[in-house]
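S.K.: Next come the chains, spelled out residue by residue.
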Amino acid sequence: MLIRKRMAAALVAIGAVLGAPGVVAAQECELKLGVVGPFSGGAAQWGIAMRTGVEFAVLEVNSKGGLPVGDKKCHVQTIEVDAKYSAQGAASAANRLASEKVRFVMGPVGSPEVSGIKPVATRYHMLLMLNSYAKNAIGPEWPLAFHVSPGPSGWAAPLVEVAKEKFGMENVVIIAPNDQGGTDIAPVVAKAYEQQGIESTEEYFKRGTANFSPLVARVLDINPDAVDLVSTPTVEAGTLVKQLRQAGFEGPIGKLGGPGTEEIARIAGGMNVLGNYYWFEPVLIDEQTEKMTQRYTELAGSEPPDHTFFYLWAAGTRMVLKAISEAGTIEDTELVAQTLRELPVKDKNLGDGLWIGQKFFGINQELSLPFGMGIIEDGVQQPMIRMPAATGN
Amino acid sequence: MMDHSVVVGFRRIMDRAGWLALALLGAMVFMPFLTSDPLAYSIGTQILIGASGALGVYVMLRMELLNFAIPGFMAVGGYAAAISASHGVTDIFALAAISFMLPGLLSIPVGAIVLRLKGVYFVLITYIFTEIVQLVLIETPSVTGGTDGLIGFPVLQAFGVQLTAYSSTFYVSLTLAALAFLVAIVTTRIFRQQFSSIAQNDVLAESFGLTLWRYKTIGFFVSSGVAGLAGFSLVNMLLIAHPLSFTATSAVNYIAYAFIGGTGYLLGPLLGSALLVSVTNALSFSGEYSEGFFGIVIMIAVLVARGGLAGALANLWGKLGPRRFRQDYPRPASKVSVKGAQ
Amino acid sequence: METVLSTVLIGVMLGAQYALLALGFTLIFGILGVVNFAHGSLYMLGGYLAYAAVAKAGVPYPAAVVFATLGTAALGYLFEVWILQRVVDDHLATLILTLGFSQVIITGVTMVFGHEAPRFTFPIVGNVAVGSLFIPQDKLIVFAISAVVICAVYWLVYRTGFGRAMRALSIDRAVAITLGMNARIIFPLTVALSAGLAGLTGSLITPILSLSPHAGESVLITAFVVVILGGLGSVAGATAAAFLVGIIEAFSGVYIGGSLGTLGLFVLVIAILMFRPSGLFGASMRGA
Numbered sequence: 095m096l097i098r099k100r101m102a103a104a105l106v107a108i109g110a111v112l113g114a115p116g117v118v119a120a121q122e123c124e125l126k127l128g129v130v131g132p133f134s135g136g137a138a139q140w141g142i143a144m145r146t147g148v149e150f151a152v153l154e155v156n157s158k159g160g161l162p163v164g165d166k167k168c169h170v171q172t173i174e175v176d177a178k179y180s181a182q183g184a185a186s187a188a189n190r191l192a193s194e195k196v197r198f199v200m201g202p203v204g205s206p207e208v209s210g211i212k213p214v215a216t217r218y219h220m221l222l223m224l225n226s227y228a229k230n231a232i233g234p235e236w237p238l239a240f241h242v243s244p245g246p247s248g249w250a251a252p253l254v255e256v257a258k259e260k261f262g263m264e265n266v267v268i269i270a271p272n273d274q275g276g277t278d279i280a281p282v283v284a285k286a287y288e289q290q291g292i293e294s295t296e297e298y299f300k301r302g303t304a305n306f307s308p309l310v311a312r313v314l315d316i317n318p319d320a321v322d323l324v325s326t327p328t329v330e331a332g333t334l335v336k337q338l339r340q341a342g343f344e345g346p347i348g349k350l351g352g353p354g355t356e357e358i359a360r361i362a363g364g365m366n367v368l369g370n371y372y373w374f375e376p377v378l379i380d381e382q383t384e385k386m387t388q389r390y391t392e393l394a395g396s397e398p399p400d401h402t403f404f405y406l407w408a409a410g411t412r413m414v415l416k417a418i419s420e421a422g423t424i425e426d427t428e429l430v431a432q433t434l435r436e437l438p439v440k441d442k443n444l445g446d447g448l449w450i451g452q453k454f455f456g457i458n459q460e461l462s463l464p465f466g467m468g469i470i471e472d473g474v475q476q477p478m479i480r481m482p483a484a485t486g487n
Numbered sequence: 524m525m526d527h528s529v530v531v532g533f534r535r536i537m538d539r540a541g542w543l544a545l546a547l548l549g550a551m552v553f554m555p556f557l558t559s560d561p562l563a564y565s566i567g568t569q570i571l572i573g574a575s576g577a578l579g580v581y582v583m584l585r586m587e588l589l590n591f592a593i594p595g596f597m598a599v600g601g602y603a604a605a606i607s608a609s610h611g612v613t614d615i616f617a618l619a620a621i622s623f624m625l626p627g628l629l630s631i632p633v634g635a636i637v638l639r640l641k642g643v644y645f646v647l648i649t650y651i652f653t654e655i656v657q658l659v660l661i662e663t664p665s666v667t668g669g670t671d672g673l674i675g676f677p678v679l680q681a682f683g684v685q686l687t688a689y690s691s692t693f694y695v696s697l698t699l700a701a702l703a704f705l706v707a708i709v710t711t712r713i714f715r716q717q718f719s720s721i722a723q724n725d726v727l728a729e730s731f732g733l734t735l736w737r738y739k740t741i742g743f744f745v746s747s748g749v750a751g752l753a754g755f756s757l758v759n760m761l762l763i764a765h766p767l768s769f770t771a772t773s774a775v776n777y778i779a780y781a782f783i784g785g786t787g788y789l790l791g792p793l794l795g796s797a798l799l800v801s802v803t804n805a806l807s808f809s810g811e812y813s814e815g816f817f818g819i820v821i822m823i824a825v826l827v828a829r830g831g832l833a834g835a836l837a838n839l840w841g842k843l844g845p846r847r848f849r850q851d852y853p854r855p856a857s858k859v860s861v862k863g864a865q
Numbered sequence: 187m188e189t190v191l192s193t194v195l196i197g198v199m200l201g202a203q204y205a206l207l208a209l210g211f212t213l214i215f216g217i218l219g220v221v222n223f224a225h226g227s228l229y230m231l232g233g234y235l236a237y238a239a240v241a242k243a244g245v246p247y248p249a250a251v252v253f254a255t256l257g258t259a260a261l262g263y264l265f266e267v268w269i270l271q272r273v274v275d276d277h278l279a280t281l282i283l284t285l286g287f288s289q290v291i292i293t294g295v296t297m298v299f300g301h302e303a304p305r306f307t308f309p310i311v312g313n314v315a316v317g318s319l320f321i322p323q324d325k326l327i328v329f330a331i332s333a334v335v336i337c338a339v340y341w342l343v344y345r346t347g348f349g350r351a352m353r354a355l356s357i358d359r360a361v362a363i364t365l366g367m368n369a370r371i372i373f374p375l376t377v378a379l380s381a382g383l384a385g386l387t388g389s390l391i392t393p394i395l396s397l398s399p400h401a402g403e404s405v406l407i408t409a410f411v412v413v414i415l416g417g418l419g420s421v422a423g424a425t426a427a428a429f430l431v432g433i434i435e436a437f438s439g440v441y442i443g444g445s446l447g448t449l450g451l452f453v454l455v456i457a458i459l460m461f462r463p464s465g466l467f468g469a470s471m472r473g474a
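Each protein sequence line maps, in turn, to chains P, G and E. When the letters of the first sequence are read in order and numbered with the numbering used here, they come out as residues 95 to 487. When the letters of the second sequence are read in order and numbered with the numbering used here, they come out as residues 524 to 865. When the letters of the third sequence are read in order and numbered with the numbering used here, they come out as residues 187 to 474.
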């Protein structure tokens, strides 16, 4: 037994030595891509979906021998660090990546993480492709920070317009958690409703609330036509929907901010409980996204998580990798940023879009691709509505 | 009652622990000669911040009071520093003074309320204090930036010199930690007897004429001031003063550092922070299992090292060190009295 | 007027849920002096055990609730015997231990069930009309069960030999032991009882609200507040405080909203502790 093991080990070693030159010749350079997000804790779903999306884009490129940069082909390697949905976690993740000489970072996800990473990343001249709905997610003071998809400043207005057509509400109560993840989004969405002539009120709850009976009673007292849960996290949103319906609220419920309808429906007790429901889906789910799922399953040998962030982050990573390739450098982040800004926004699965953000953030670095609006009418899911890429105007 | 030679030996080691802590901190000044790795500086800074916070816990534990208000006072110190800095105060010592004194002064009226309680009631009311600070931060956006926090922190200066090097964050935290430890050493040394008599039996102590409130207030003042320094350090590292950096649940981290490090020795907060912060960083590659691993680590640490890391070291020193320190006194386990006089 | 009535109703329902939560917490506090940071996680685990029984094994819901209760009780027993017993006198150590235990439970649940909330709903839906008010049936059932459980626990603690032994050991362990009460049996059973109560509460309430690996986090601080307000180790105190907190939360949530309501609750707790430092019903010798 032992001899057999030793023989096997020797064979492997010989094989490695013989094969090594071949391996070395193919990977002439190594591009390290940092991946930062919440991989544990309550926001882990977002982080994991994001991570898988990045992995997909990387697998695509590596399966073709690597990313062409100048006259070489670079093998892309991801380095993943858990930021635990906190500013400190993200700041230390950035420091960690800096020590590994990583220059390009996908992520982080969520306002606390984004706040924490930007100053450190700026100090080390790292290029960030991040996601957060914060009012100051990107800006001129962080020229190397890019937004992987628009915030409510981009999609709220078009979505409210469609919702009004379909459901005809005259007033709405917007419910959100009382921290940055809620207070930065609710007013923007409220403005979108007001622009359509729909009166809006904002109600905030303490994040971590499990039992919403008092809030539900309060909302029903106001007796609105519709309720919008904006960026309320999925578990709380599911409970809110359940309790709202149980208390007798029959109007349409919206979720303009943060996907997760499947989980919400599960918690609430089924699509029929949702009744009339509309939501923002960062990516339109259609045959193209199905192709992406299949391709990932082929390359990785397992299925991706059922979460739209997967597609979004794949597209974002593809853009970053393309920019690195066209800029011809894996070191000069300023040059890559310049290239990225000027790159036309085209994804082979998700379609054509544009760079936006100048109006709301003061810097045109928000990647805007076509997105979707989900509709459930009387408990029956309707085909997703294709919305063209947000223009931010 | 312990006999005199034991007390003297005990005292010697206690004193040494404090100076040892300062010596370790002093040694950290030489880090650039060992490494220029940004990760090392980052972890080092986090350890120093954690140690300062844990020090706040330690000072109150000298009186058998478990203080959950540390993040609350860290917030006061951190935001005070951020607001002062945005108004042009950039000297590190001036900001240190502000971030120490403001929480300290606040601790006096707060102490008038909370220090009447003991045991687990004290735990709860200090927890509530931290929650209240969170809510105040959120509800006063014009002063504190509300849920977005205060973004951006200017470059600090010391003795007129701008601190712009990469490693300057680390040195700022080192300086602040050293100040915190110095204050803590001096305080716990001067008031050692009063604190420990409050810890053993405060009713008895009071009957012997000890003005409880005076010493409790002093301890609380120092604990809060030290926490304020930690808050300043944290804001300087993150370059942002944000409410989520000071949640009530984060109090548990500082308590864990203090406990695992060893609640009997001033070295404890430093050792505990060093160990647990390193472990957390090492685990950040394991994603979803990291919390579970951390839980196992602290459980093992509690079961294996009864006096914490510092206690284990002291025992080792007691067994292997120079003859005159060798004695087999059992280090009494920390008895934070949840149920009062027992 | 109707809103006031419905708010009172909400408060009472909330109070029933908090009372169930607080019972286990106050027992383990009062008898062992342990601040059980894992209480919220045991609540969540109870929910998952019941969910697993219903969804994976097809067990009817009431049996699943029993299974969840026994499961968490067993886990609590083992935890006490193997781990907690070694440091049971060191309150700070037990605090840290339960904290670690809590993390392990959460990670374990995530590894087995994943991050996402599963589909777990209360089998009985619909409202009961009482006059012009609608009371959800599920909350009514929970109210009934908590009333029964509270009485049962009260009876256990104050009317049985076992309860007497628990209380004796907590007042003066040395004397109690010389009188023949065995801490090595009673302590684990107490923890088992406390954990079982947490699991029971979880299996009942998570289908009404929601179930996810982090469902226990908000539960802990509520239990803490209620138990302190009510006075350590006092079953009646915990119950009364639970309803008080429930009503206050209901009124501040309905009429004030946002974080100011929570602020009000906290200020009230401080005020009460100022005047009655050992809680509403706590004996004044117990640590204040």
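Hints listed in this document are in silico derivations from the structure and should not be mistaken for laboratory results. Treat the hints with care, since some could be wrong.
[As the list claims (entries may be wrong)] Straight-line distance between alpha carbons at most 20 Å, and here's what the computed DMTMM-like set of lysine to aspartate or glutamate pairs gives:
no.	chain 1	residue 1	chain 2	residue 2
1	P	K195	G	D560
2	P	K300	G	E662
3	P	K300	G	D671
4	P	K300	E	E403
5	P	K229	G	D671
6	P	K126	G	D560
7	P	K229	G	E662
8	P	K416	P	E122
[Stated by the list, open to error] A few chain G residues that don't get close to chain P, going by computed Cβ distances all over 12 Å:
no.	residue
9	L547
10	F553
11	T558
12	A563
13	L658
14	I661
15	F682
16	L705
17	R712
18	Q716
19	G732
20	T772
21	V800
22	L839
23	G841
All residues carry an ideal CB built from backbone N, CA and C; glycine is no exception.
S.K.: Hints broken by the structure, by number, lowest first?
M.R.: Going through the list in order, the structure violates hints 11, 12, 13, 14, 20, 21 and respects the others.
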